[in-house]
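Throw the hints in and build the complete structure from the sequences for me.
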Amino acid sequence: MTKNRINTHPILDVPKKDVVSFYWNKSKLVGKKDEMISSALFANNIKIFGHHHKDGSAQGIFCANGQCAKCTVIANSIPVKACMTPVKENMIVKSVKGLPILPDVEQNPEISNIEHITTDVLIIGGGPAGLSASIQLEEHKINTILVDDKDVLGGKLVLQTHKFFGSQKDSYAGMRGMDIGRMLAQKVEDYTYINVWKNSTALYVFNDKKVGILKDGVYKIVTPKVILNAAGAREKFLRFKGNSLSGVYGAGAFQTLVNRDLVKPTEKLFIIGGGNVGIIAGYHALQAGINVVGLAEALPQCGGYKVHEDKLKRLGVPIYTSHSIVSANGKESVS
Numbered sequence: 373m374t375k376n377r378i379n380t381h382p383i384l385d386v387p388k389k390d391v392v393s394f395y396w397n398k399s400k401l402v403g404k405k406d407e408m409i410s411s412a413l414f415a416n417n418i419k420i421f422g423h424h425h426k427d428g429s430a431q432g433i434f435c436a437n438g439q440c441a442k443c444t445v446i447a448n449s450i451p452v453k454a455c456m457t458p459v460k461e462n463m464i465v466k467s468v469k470g471l472p473i474l475p476d477v478e479q480n481p482e483i484s485n486i487e488h489i490t491t492d493v494l495i496i497g498g499g500p501a502g503l504s505a506s507i508q509l510e511e512h513k514i515n516t517i518l519v520d521d522k523d524v525l526g527g528k529l530v531l532q533t534h535k536f537f538g539s540q541k542d543s544y545a546g547m548r549g550m551d552i553g554r555m556l557a558q559k560v561e562d563y564t565y566i567n568v569w570k571n572s573t574a575l576y577v578f579n580d581k582k583v584g585i586l587k588d589g590v591y592k593i594v595t596p597k598v599i600l601n602a603a604g605a606r607e608k609f610l611r612f613k614g615n616s617l618s619g620v621y622g623a624g625a626f627q628t629l630v631n632r633d634l635v636k637p638t639e640k641l642f643i644i645g646g647g648n649v650g651i652i653a654g655y656h657a658l659q660a661g662i663n664v665v666g667l668a669e670a671l672p673q674c675g676g677y678k679v680h681e682d683k684l685k686r687l688g689v690p691i692y693t694s695h696s697i698v699s700a701n702g703k704e705s706v707s
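Each residue of the sequence shown is one higher than the last, beginning at 373 in the working numbering.
Hints are supplied without guarantee of correctness; some may be wrong.
Listed next, with one range per pair, are the computed distances between beta-carbon atoms [unchecked claim]:
hint	residue 1	residue 2	range
1	Ser543	Gly470	43 to 49 Å
2	Tyr591	Gly470	25 to 31 Å
3	Gly614	Ala441	17 to 23 Å
4	Val391	Ala605	33 to 39 Å
5	Ala441	Val402	23 to 29 Å
6	Val590	Leu687	47 to 53 Å
7	Tyr591	Leu671	43 to 49 Å
8	Asp523	Ala501	15 to 21 Å
9	Gly584	Asp492	16 to 22 Å
10	Asn701	Tyr677	30 to 36 Å
11	Ala545	Asn701	40 to 46 Å
For lysine-lysine, the following DSS-like pairs were computed, each having C-alpha atoms within a straight-line distance of at most 30 Å [said to hold, decoys possible]:
hint	residue 1	residue 2
12	Lys528	Lys608
13	Lys513	Lys592
14	Lys640	Lys559
15	Lys582	Lys613
16	Lys460	Lys389
17	Lys375	Lys469
18	Lys419	Lys388
19	Lys559	Lys582
20	Lys513	Lys581
21	Lys513	Lys570
22	Lys570	Lys541
23	Lys636	Lys608
24	Lys640	Lys613
25	Lys570	Lys640
26	Lys613	Lys581
27	Lys388	Lys559
28	Lys528	Lys375
Read the hints as simulated data drawn from the structure, not as lab findings. Because the structure is a prediction, the values reported are computed rather than measured. C-beta: ideal position from N, C-alpha, C; glycine also.
Structure follows, in structure tokens:
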């Protein structure tokens, strides 16, 4: 494959996957079967996916979680989010210049009956909050549908290679986040009263309390007595000059590429924010063989756990407290 693949890792297994061929703007590339288009492009050192329709600024990825549209590409003539769409054999992927348009439809789509389903509780989001709620609902024998837009439950736990702190009872201290996510997911998927819908997106909550859900590409209507929104957090988009340049990523996007897809988005990294997220992302970068050249924290001291901060210091990462970012510089990418 390419030099941007992570082939060895101190914590994560590197599975062997089938290779697929696809096209990027008429160039033939290779990716791994069922990985997201964005990760396949990054593995091929392609980090600019198009240009904005207003100012022509380069677009790439920011969240890698389907929350924004910065990674939009045209895949087999359809505009899609590259971070949420698996690459397929012989898929034709094109960059987006300006606003994408839908292809012409030659015939009217067939009208099919939409399945209507009732349940006591609908949980939107299969991360730690949604999984924990499912465990409680199972104990009380409450019929529940749990929907998540990914093919694996666990949310951000899937991306965490470090061991957790606290108590074993409350936060599974001593276990790695990815193992906690796997354990909770397996428990919930084996339950009697919890119906797990993966690869499912809650599209709309109607005023009559019905919820439209796209499950594995099929539209369904769910009528719950209670809706529990456990959809997780959004990446915080800091306001500074150059914040939209290719090479400026949210921490979640970085961890998704490195820890889930085993792709290096860069060889050199500077981190803004000294909370647990920033500090731990720095350690994840070092595990992946990425040079962390520094971390800036606006406050006089980092807000993350000292044990995580000390790891970075011992490994020679400069930490600049009472510092904040002014600008990211470059024409289309951070230089």
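Tested hints:
| no. | hint | in the structure |
| --- | --- | --- |
| 1 | Ser543 / Gly470: 43 to 49 Å | holds (47 Å) |
| 2 | Tyr591 / Gly470: 25 to 31 Å | holds (29 Å) |
| 3 | Gly614 / Ala441: 17 to 23 Å | holds (20 Å) |
| 4 | Val391 / Ala605: 33 to 39 Å | holds (34 Å) |
| 5 | Ala441 / Val402: 23 to 29 Å | holds (26 Å) |
| 6 | Val590 / Leu687: 47 to 53 Å | holds (48 Å) |
| 7 | Tyr591 / Leu671: 43 to 49 Å | holds (47 Å) |
| 8 | Asp523 / Ala501: 15 to 21 Å | holds (19 Å) |
| 9 | Gly584 / Asp492: 16 to 22 Å | holds (19 Å) |
| 10 | Asn701 / Tyr677: 30 to 36 Å | holds (32 Å) |
| 11 | Ala545 / Asn701: 40 to 46 Å | holds (42 Å) |
| 12 | Lys528 / Lys608 | holds (15 Å) |
| 13 | Lys513 / Lys592 | holds (24 Å) |
| 14 | Lys640 / Lys559 | violated (39 Å) |
| 15 | Lys582 / Lys613 | violated (43 Å) |
| 16 | Lys460 / Lys389 | holds (13 Å) |
| 17 | Lys375 / Lys469 | holds (28 Å) |
| 18 | Lys419 / Lys388 | holds (24 Å) |
| 19 | Lys559 / Lys582 | holds (28 Å) |
| 20 | Lys513 / Lys581 | holds (23 Å) |
| 21 | Lys513 / Lys570 | holds (21 Å) |
| 22 | Lys570 / Lys541 | holds (27 Å) |
| 23 | Lys636 / Lys608 | holds (22 Å) |
| 24 | Lys640 / Lys613 | holds (20 Å) |
| 25 | Lys570 / Lys640 | violated (35 Å) |
| 26 | Lys613 / Lys581 | violated (42 Å) |
| 27 | Lys388 / Lys559 | holds (27 Å) |
| 28 | Lys528 / Lys375 | holds (26 Å) |
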